[in-house]
Amino acid sequence: MKRLIIFFALAAVAGICLASNVSEVRAQSCDVAAAPDCPYGYFDTTPFACAPFGYYGPEWFKDGAFIGAGPWYKGPDNFHGKVNNHFDPQKGYKGPTPNHGEKADPSKHPDKVTNFKGNEVRDGHGHTVDDKH
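Just so we're aligned, residue 154 is where the sequence shown starts under our numbering, counting upward by one.
Quick caveat, the hints were computed from the structure, so don't treat them as lab data.
There's no promise every hint is true.
[Said to hold, decoys possible] For each label pair, taking beta carbons as the anchor points, the in silico distance ranges come out as: (1) PRO200 x HIS239: 15 to 25 angstroms; (2) PRO229 x GLU273: 31 to 41 angstroms; (3) LYS256 x ASP283: 31 to 41 angstroms; (4) GLU255 x ASP283: 12 to 22 angstroms; (5) PRO259 x ASP283: 32 to 42 angstroms; (6) GLY254 x ASP283: 30 to 40 angstroms; (7) PRO259 x GLU212: 31 to 41 angstroms; (8) ASP190 x HIS278: 12 to 22 angstroms; (9) THR198 x PRO249: 15 to 25 angstroms; (10) GLY248 x THR199: 13 to 23 angstroms.
Since the model is a prediction, treat every value here as computed from it, not as a measurement.
Glycine residues also receive a C-beta, built at the ideal position from the N, C-alpha and C atoms.
Let the sequences and hints guide you as you build the complete structure.
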């Protein structure tokens, strides 16, 4: 009888210890989260804020849709696209950017930019690459 009481006491203590174990809270991974809904694309590095019109060149868009950058990149493996890094906050840009969910200005078609001034080539994953292709 004494062994049975000890067994139940140990089982109760173990149950309390397991029940009180706080589960770990994890941040949502960009690999599973939806890409930001931005009218002219989003920067290819965290925090993936919406990029302003003129940051990405026309090759980053297919039928008006942004092909992606960072974890959501959907272009070919050997893709090299031009950006105007004067609009990059990591390079000092502090001007206006669109908000998530904002719609594009109908007069600005990202895939048909006529006066784009690209000065850097990116691979879609946040890396600067040589433009020798």
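Results for each hint:
no.: 1; hint: PRO200 x HIS239: 15 to 25 angstroms; result: 20 angstroms, holds
no.: 2; hint: PRO229 x GLU273: 31 to 41 angstroms; result: 19 angstroms, violated
no.: 3; hint: LYS256 x ASP283: 31 to 41 angstroms; result: 35 angstroms, holds
no.: 4; hint: GLU255 x ASP283: 12 to 22 angstroms; result: 34 angstroms, violated
no.: 5; hint: PRO259 x ASP283: 32 to 42 angstroms; result: 36 angstroms, holds
no.: 6; hint: GLY254 x ASP283: 30 to 40 angstroms; result: 36 angstroms, holds
no.: 7; hint: PRO259 x GLU212: 31 to 41 angstroms; result: 21 angstroms, violated
no.: 8; hint: ASP190 x HIS278: 12 to 22 angstroms; result: 20 angstroms, holds
no.: 9; hint: THR198 x PRO249: 15 to 25 angstroms; result: 19 angstroms, holds
no.: 10; hint: GLY248 x THR199: 13 to 23 angstroms; result: 20 angstroms, holds
In terms of the numbered hints stated before, the structure departs from hints 2, 4 and 7, listed from lowest to highest.
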